[in-house]
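Asks: Order-wise, the sequence lines are chains W and Z.
Numbering-wise, this note's numbering comes out as the position in the first sequence, counting from 1, plus 526.
Numbering-wise, this note's numbering comes out as the position in the second sequence, counting from 1, plus 16.
Please keep in mind that the hints were generated in silico from the structure rather than gathered at the bench.
If a hint is listed, it holds; no wrong ones were tucked in.
Which stretches of chain W does chain Z cover? Using the computed rule of at least three CB atoms under 8 Å from a CB of chain Z, they are:
(1) 616 to 623
(2) 626 to 637
(3) 647 to 653
In silico BS3-like links for lysine-lysine, alpha-carbon gap of 25 Å or less:
(4) W/LYS760 <-> W/LYS791
(5) W/LYS655 <-> Z/LYS63
(6) W/LYS657 <-> Z/LYS126
(7) Z/LYS126 <-> W/LYS655
(8) W/LYS657 <-> Z/LYS174
Positions of the beta carbon are idealized from the N, C-alpha and C atoms, including for glycine.
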Amino acid sequence: MDNTKLLNVYKTSVLARRFEARVIQMAMAGEMPPSLHAGAGQEVCQTAAIAALNPEDYILYGHRGIAYMIARGTSLSAILADMAGKVGGTNNGKGGVMHVVDVPHGILGESGTLGGGFVMSVGVGMALKRKMPGRVVVYFFGDGTSNRGTFHESLNWATVQRLPCIYFCENNGFAVSVRTSASTSVQNIADRAAGYGIPGVVVDGTDPVAVYEVMEKAVERARAGQGPTLIEAKVTRLLGHYLADQQTYRPDAATILTTKDPLPKFQESLLRVGILTNALVKQIEDDAQRQIDEAVATVNAAPLLAPEAALQDLYA
Amino acid sequence: MALITYSKAINQALEEELRRDQDVILYGQDVAEWGGIFKVTDGLFEKFGPDRVFNSPISENVMVGAGVGAAMMGLRPVVELQFADFIFTAGDEVFFKAGMWRFMHGGAFKIPLVVRCPSGGSGFGPEHSACPEAFVMHAPGLLCAVPSTPEDAKGLLKTAIRMDNPVMYFEHKLLYAMRGEVPDGDYTTPFGKAVVRRQGDAVTIVAWQEMLRRSLAAADRLSKDGIEVEIVDPRTLNPFDRETIIESVKKTGACLVVEEAYRTLGVGAEIGAMLAEHALPYLDKPFKRLAIPDVPLPTSPQLVDAVVPSVDAIYKAVKDLVG
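Build out the structure end to end from the sequences listed, making use of the hints.
Replies: What follows is the structure, given as structure tokens:
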């Protein structure tokens, strides 16, 4: 990954982290529904993976956070409007933050039921192969979601058809409150790739360069018509499953906030090699703050969706 | 006009639409070289090749779900489920992905998907014989076609394939061999327009597919007794042509729904409620339903006959109604 890309991954991760913190603050203050599944701790991984795509590629994403959309270029105010049920969002009040969609930026939406993205990705792959050869689709999902039956059906058929699909698992060790070790038959989700005869790769999800390189290979393979890759990034979920989650099942919930956060480590590594300077760090923080303030102001000023919106958008 | 089977009519619709539009693809279990379990897709693989007509694994979730994904990216997939009952095997993909993907993403996508569902055909047992269209009619976002003749089978399927909304297309297994006149050349049949299959003034019967065929047979016998029933075939259940039923009831003052599905909350329940809301002053007789008592379909023919409305049962129900 070149330095410009690396710096962009950092900037986007910072923006996603700060934006999410602001959203949590607003939700706790009762200014919007507390519907977010926080992605703190996984932004660097998500953003680095997306950096390996071209703008015309597509993604389907999982519940954890909003870094995916920010990395693809969706405006903060649109994401915030979706959360707040205001005019100016992407889904007209139908999907909240769970169904942010932005087709011009290659964001094809999310399945509310976990693992729905697997089956959708296969259809997207079938269409790309026939109508848009050379493009790929990535489905981001969690370790818990890998236990859905759709995982098996989809990886099998995507492989049989050699579709340009990439399956990117963010393994944070928990399905809501249940540890992966208690729910999952394999040590690594990527081990399951063997069942489909495709590459399964485990990568440290806190290392953006490693994530990018693994993704680059998977993208290359998919573009060449060789079919899917299953990538598993080991990550840490810094916060609860949802905003009100007290994480009583997780004794180290407080300490991981300081010991397991990849963002300060990423910052240190960039400072060390001179891609970042202290002045630049401050400028990036200030820029993020300014963008977030603007988005909040825009959405505060936007009207609530009219009740009639509930009856729209069902049929074409 | 040509005299062809219901099955051939579906096959022709598929062939004509595959030829007309390069974005149409057809897949399902065994549909390629083998021509499908009921041979409905016979010959299409040879004509259009493996890129357009292909087999899927036994994976109903991804079969339907991939159809939704491909549809939102501009293809027009026609998915064959081997049995209509399997809409529940693919429940998430049918009801949430096909029915709701557009809605929950604020109208960002069109979903031009057709899922073909071979239904009915008693004798295949509890999981292979149902007519589950009431479940689809209940679900927002899914259009629903129930063709009863070769002409409608072809015309409604061509309409469905050209639509930008997901369509659950129920093709009745007992009708596959039924012959009927089909117009020459390209034609489509509109959704949401019921048709009066027989005119009369005694009772309005609403029925479709095999129950329509039995209702028509019962009507012939009733006619010999001097009772003329009017028979309405809804053709699609979503959109649903309530007007034609109400207009008929205004004339007859009585309504009998005959359906090859569970009684409770079936299509008949919706029609009864609709009449109670909008046509009560026109009903001279209590609304009546013939349906399967709320048990799964058995396999043995004599047990099937005990629960699926028969010509005799329809004949008797009308006699009781007109008293």
